[in-house]
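Q: Listed here are the chains, written in short residue letters.
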Amino acid sequence: MTARIGVVTFPGSLDDRDTQRAIRLAGAEPVALWHKDKDLKQVDAVVLPGGFSYGDYLRAGAISRFSPVMETLIEQAKAGLPVLGICNGFQVLTEAHLLPGAMLGNDHLHFVCRDQKLRVENASTAWTSDYSEGQEIFIPLKNMDGRYVADEYTLDKLEAEGRVAFRYLDVNPNGSLRDIAGITNEAGNVVGLMPHPEHATEPLIGTGRTDGLPFFTSILKKLVNA
Amino acid sequence: MARVVVDVMLKPEILDPQGQAVQRALPRLGFEGISDVRQGKRFELEVDGPVDEAALARIHDLAESFLANTVIEDFTVKVESEAVVAEASK
Amino acid sequence: MARVVVDVMLKPEILDPQGQAVQRALPRLGFEGISDVRQGKRFELEVDGPVDEAALARIHDLAESFLANTVIEDFTVKVESEAVVAEASK
Amino acid sequence: MSRTPLDTVEHAAATPDVELPWAELGLKKDEYERIVEILGRRPTGAELAMYSVMWSEHCSYKSSKVHLRQFGEKAPENDALLVGIGENAGVVDVGQGYAVTFKVESHNHPSYVEPYQGAATGVGGIVRDIIAMGARPVAVVDPLRFGAADHPDTKRVLPGVVAGIGGYGNCLGLPNIGGEVVFDACYQGNPLVNAGCIGVMRHEDIHLAKASGAGNKVILYGARTGGDGIGGASILASETFDDAKPSKRPAVQVGDPFQEKLLIECTLEAFAEKLVVGIQDLGAAGLSCATSELASNGSGGMRVTLDDVPLRDSTLSPEEILMSESQERMCAVVEPEKVDRFLEICAKWDVIATVIGEVTDGDRLEIYWHGGKIVDVDPRTVAHEGPVYERPYARPEWQDALQADDAGKLPRPQSAEELKAQVLKLVASPNQASKKWITQQYDHFVQGNTVLAMPEDSGMIRVDEKTGLGVALATDGNGRYAKLDPYTGAQLALAEAYRNVATTGAKPLAVSDCLNFGSPEDPAVMWQFAEAVRGLADGCQQLGTPVTGGNVSLYNQTGEAAIHPTPVVAVLGVIDDVARRTPVAFQEEGQLLYLLGDTREEFGGSAWSQVVHDHLGGLPPKVDLERERLLAEILISASRDGMIDSAHDLSDGGLVQAVVESALLGGKGARLVVPDGLDAFTFLLSESAGRAVVAVPRSEEVRFNDMCGARGLPATRIGVVDGDTIEVQGEFEVTLAELREAHEATIPALLA
Ligand SMILES: Nc1ncnc2c1ncn2[C@@H]1O[C@H](COP(=O)(O)OP(=O)(O)O)[C@@H](O)[C@H]1O
Ligand SMILES: [Mg+2]
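Going line by line, the protein sequences match chains A, B, C and D.
Reminder that position 116 of the first sequence reads as 116 in our numbering, one-by-one numbering, no gaps.
Convert by adding 226 to the 1-based position in the second sequence; the result is the number in our numbering.
Convert by adding 316 to the 1-based position in the third sequence; the result is the number in our numbering.
Convert by adding 406 to the 1-based position in the fourth sequence; the result is the number in our numbering.
Think of the hints as simulated: they come from the structure by calculation, not from any bench.
Just so you know, not all the hints are guaranteed correct.
What follows is a list of derived Cβ distance ranges for each label pair [said to hold, decoys possible]:
1. E479(D) - L169(A): 57 to 63 Å
2. L241(B) - E75(A): 33 to 39 Å
3. E871(D) - E306(B): 51 to 57 Å
4. L241(B) - E995(D): 41 to 47 Å
5. S720(D) - E306(B): 43 to 49 Å
6. V519(D) - L241(B): 29 to 35 Å
7. L252(B) - R114(A): 48 to 54 Å
8. L255(B) - Q76(A): 49 to 55 Å
9. P716(D) - W34(A): 46 to 52 Å
10. E290(B) - P716(D): 54 to 60 Å
11. L345(C) - R114(A): 33 to 39 Å
Just so it is clear, the structure is predicted and the values come from calculations on it, not from any experiment.
Positions of the beta carbon are idealized from the N, C-alpha and C atoms, including for glycine.
Given these sequences and hints, build the entire structure.
A: Given below as structure tokens:
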């Protein structure tokens, strides 16, 4: 048996096909989900992919957050469905208040595309168990609105509860507070991050590293062993 | 038909790099005497029908739940026609 | 110190993709009766010293040459303190 | 609002004496008379609008056409060419049933006026050309030219252009895999913003811009039509017909990449279901162009009801609707029984789609407005039979003096110290410095098929996941060389792009170009243009790579001062398995560095002459296309057979520039030995063409040498990958850290 992992396509999603490919490379079955359908097709987990849904015109993720698919997703995520938000997907998750804080324009005001060094801070979420805590990895980052902000109280709470999942190393590429690259919810089923693990899954492509594959093998193992 | 304007600005404690970039450019353009610049968004809504209390309340809700993200932004709602005072339009 | 606000909006005949995206989302959010949305920029400038004719003229120049590109955008300059009428702040 | 009676065809016939503002629309008197002759009456306002935009330089190529013909006449035999010049873009067979389409276009002037939107809509336009061929766009490139790097206006133009290209392309999900950034004072008031796009499809999916089959419906889909980008048409609307209108509409448009992304997806879905008979994008000249081109390329005529065009601004006149250049629109011809499904797909993607007309069995293009017929023309006369000019051209009298001002006579460095200082100055100069600050504003990774992206010699995209089939694209152009000798300059641009593709291991297949020049009304500029086209056509014939399409941008000048003639050449290549690609970066210490090709004392137009002496004179490097072809064959074989681990082509800045780039990218230094017969200065800084530097694993040295020897390509061992410095033995040594600082700090310091 393998796991079925849904990938939502919003209008303006860009990395949906790549995410499906990464899921396939990890050995799971990708299932395309459409923003206008409330039906999640009984998938075992969902990825909200990167892109510029609705052009990111109001705020990144702000319009997608009100799609029909999100109604079901918000409900099921609260009930424990594993959800990974990558880049624009992370932005949707914060707009939907499944994850705390908000994403703002990069502090240098430019789009940035780079091979980013990260430290895995929490290797016990549904999506990170194939990493080890403290592991340093390189994952491509590409965004315009990647500056993670939250109030001090929320930041302290995230730190105290070990919910900062990834932190930028060497360079803070967008002005995120406390170098936060990704966070998890309390239960560890909902994870969001700005860098793109789906772009680091094949040795020849992109940066040529495969440091992103464990996201997809982590969830596969969890689902298959469940 | 009336116009309602929603202004959305970053909360004061949040860094506003766009405003800062404008401010930093000012001396280069020969402008002195501007001690701070903040950049935000302005939405102009054309409302069908009367802009009464109820309509304003609904627009307030719209701003709060959608046009602004109140985690990071503050907003104000104004009826435009009454707000065009002291205007030095081009 | 006084605050001067420069509002920059796309000219009416220019496509405003951002405003359109907001408008198209409204029905889905349960909002009816808004026939058009335009999205622009709001700059809040904190001016040292008096905001007299000369200062306003200089800010007008700044808006014209830097804050707006008048090929596609219009702008207005207002002194804030006098413009806070009919405000339904949150 | 008062309006004189609708200017219908009938009305025009009845009122022959009404004067239309043809001059304000940019037409010449004889052009207007020709229109009257074609129609047998005066044109209606709407007809005049159509002819004026379609007969403009931009759409009709009236000054360049007589020269561009050579691309067809001299086209080499090439089995790979599936669709040649004349369509939205050329199409090339890359094997395994795949076809690739690619093209470069300019958006120069709008990008000067409004850098962000001008550049953004440039990307939007070229992408629609690619979709219109039936292909999924897979990558973009952006060859750019700006004024002096330290000029204050460059700080306005460049960041805006770069943000616009990134803003649009990133939002569409197209990896940016290459391009150029060149600074030169000659581009001060005329920056060049060229944008290229590649698309991939299966052979059977190729679509053409033609309207065939009487009864088939014409569907306009995408954005609503607004009053943007119609400059001249508003004059027609206001001064002749309706004085209440604003007399000038803006000539710059705002792009909506989100809308374009939806357009891509719904178009590809319609293609996949075989719903489309013919298709055309709306770019320059908007509906005028789309309707007249579709109709004239098809078998029948076309009838269009302009009232059905969805408008953003209800006050637009029919002339304005016909000329509007609102972005993100396409026009498809669909069989009646498939219309519902087509509209359904558009609705799925929230794209507005409207039937605006149908194909008729006549041969006229007829357009109706408020019940009256306002256009009745033979579409060919609009789309294809515009004026053709044989503009006078003459070699400028200053050309001899320029060429006589030999760069070889410039003072050369007198000591190793001075040589080192000049090398550091060179790699830090704006044109040679790292462009990372710019290119990291572009997404390289989206779509998950990027094998190589800048700063590699060419961008490379995987086409087939299973077999590893891939395509490579490089664009090049050197205005300094072309100024010294436009014929040779165009060939050098071709040779460099060809070499860049081969350096990564791909076989060059076909060419597109964007020819950026000054005013064709200046005989000197026209000579530069004619020479460049001749050079490019001859070069393509010799290399066996046909020109599949391109774009001409004229009038790039401020007052009397034209830009350097700047032919930008794009070469497309194919590689059977992207696993065999060759990167620029040094991979392993101990590998042997070989210089391929001959080095002569060639400094005319060189980076050294510019950076050290602010000089432009003499002759550009010699071109030997047979040698280029041989070099390419060696580079491709060596890559396929695993004989080299990295390679970098030599161009501006010469050998030292190439070695520094490979070293910094790989984080490994090099020890170099000046070969016998060369002095260190020439070795490091000459810009002789037809050269590359490769790193050969020791185990492959014999095999590699044998191959070069057998095929007669000079291969000189010049050193070894080693350490964390670049050492030129007996001359100087400089650390990678110092080089990196010099190379990478320049652009951020100027622009950030
Ligand atoms: N410099 C050139 N070299 C080769 N072909 C060209 C050149 N300029 C234009 N063409 C070809 O002429 C045709 C018309 O060009 P263009 O008007 O740019 O096309 P489009 O209408 O698709 O924008 C196209 O096939 C184009 O490829
Ligand atoms: Mg076209």
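Q: All the hints need checking, so say for each whether the structure fits it.
A: How the hints compare with the structure:
Restraint check, E479(D) to L169(A): a C-beta distance of roughly 59 Å satisfies the suggested window 57 to 63 Å. Remark: the range hint 33 to 39 Å for L241(B) to E75(A) is upheld by a beta-carbon distance near 34 Å. Taking the beta carbon of each, E871(D) and E306(B) are about 55 Å apart, inside 51 to 57 Å as hinted. In this structure the supplied range 41 to 47 Å holds for L241(B) paired with E995(D), their Cβ-Cβ distance being about 44 Å.
For S720(D) paired with E306(B), a C-beta distance near 22 Å fails the hint of 43 to 49 Å. Distance hint check for V519(D) and L241(B): the Cβ-Cβ separation is about 32 Å, which falls inside the suggested range of 29 to 35 Å. Between L252(B) and R114(A) the CB atoms are about 30 Å apart, so this pair departs from the stated range of 48 to 54 Å. Checked against the given bound of 49 to 55 Å, the beta carbons of L255(B) and Q76(A), roughly 53 Å apart, stay inside it.
Roughly 25 Å separates the CB atoms of P716(D) and W34(A), a value that falls outside the hinted 46 to 52 Å. Distance hint for E290(B) and P716(D): a CB-CB separation of about 33 Å, inconsistent with the stated range 54 to 60 Å. Between L345(C) and R114(A) the beta carbon distance is about 36 Å. The supplied range of 33 to 39 Å therefore holds.
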